[in-house]
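Sequences are here, hints too, so could you generate the full structure?
Residue numbers (our numbering), protein chains in the order written: chain D, 1 to 113; chain P, 1 to 116.
Hints were generated in silico from the structure; no laboratory data involved. For glycine and all other residues, C-beta sits at the position ideal for the given N, C-alpha and C. Some hints here could point you the wrong way.
[Claimed, not checked] Simulated restraints on C-beta separations: (1) P:I46 with D:H26: 35 to 45 Å; (2) D:E3 with P:A72: 33 to 43 Å; (3) P:K115 with D:K18: 42 to 52 Å.
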Amino acid sequence: DTEVTQTPKHLVMGMTNKKSLKCEQHMGHRAMYWYKQKAKKPPELMFVYSYEKLSINESVPSRFSPECPNSSLLNLHLHALQPEDSALYLCASSQGGDPETQYFGPGTRLLVL
Amino acid sequence: AQTVTQSQPEMSVQEAETVTLSCTYDTSESNYYLFWYKQPPSRQMILVIRQEAYKQQNATENRFSVNFQKAAKSFSLKISDSQLGDTAMYFCAFMENKAAGNKLTFGGGTRVLVKP
Chain D
1 DTEVTQTPKH
11 LVMGMTNKKS
21 LKCEQHMGHR
31 AMYWYKQKAK
41 KPPELMFVYS
51 YEKLSINESV
61 PSRFSPECPN
71 SSLLNLHLHA
81 LQPEDSALYL
91 CASSQGGDPE
101 TQYFGPGTRL
111 LVL
Chain P
1 AQTVTQSQPE
11 MSVQEAETVT
21 LSCTYDTSES
31 NYYLFWYKQP
41 PSRQMILVIR
51 QEAYKQQNAT
61 ENRFSVNFQK
71 AAKSFSLKIS
81 DSQLGDTAMY
91 FCAFMENKAA
101 GNKLTFGGGT
111 RVLVKP
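Here you go:
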């Protein structure tokens, strides 16, 4: 089973709202990722958690705040977003080891008004 | 820094025919992974095929196969017997061979349209 789940599927929020995206995997994977994808563009890495510790932050603005409460769960807290933050947010996870492969969730479509 | 280039923004193919997508990459690493992911209109990113750089044999997965040319830094994807469900955006991606928690570097994507 290579399932990564994400909730919600769609989210509309105002620039003053606070919301959270959730990602879950039950494959025992040790690394989890957040990507941002604009229309007709490839995904861009935002954050990587390895063994529940933040290992990569691709210079993401502080209005995006990741959290990894346990090895199966990854959150992305959103606050004071801008309309240009509207995008598809993808979560992925990977086992670690050889071969290393990232498995993606279905994404959350975010619209910031 | 690694870069991945997909030179074909769009391709169309008749159902049951074969189409080949090109991908080139640039890296100074000798040990790495290459991937093709498919993203249909449903937007879920699905792994199509994976190649480990240390393996000389080209990977195959049913109707999907790759032509991996390490010296030329080329990694093309061949879709045989194309089906309507193959219509999607295809991304080539590169990853260094390290422990868990690696960065995937994606190419710009190739949109494939399979026509009936």
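How the hints compare with the structure:
For the pair I46 (chain P) and H26 (chain D), the supplied restraint of 35 to 45 Å is violated, since their beta-carbon distance comes to about 19 Å. Between E3 (chain D) and A72 (chain P), the C-beta spacing of about 36 Å keeps the proposed range 33 to 43 Å intact. Remark: the range hint 42 to 52 Å for K115 (chain P) to K18 (chain D) is upheld by a beta-carbon distance near 46 Å.
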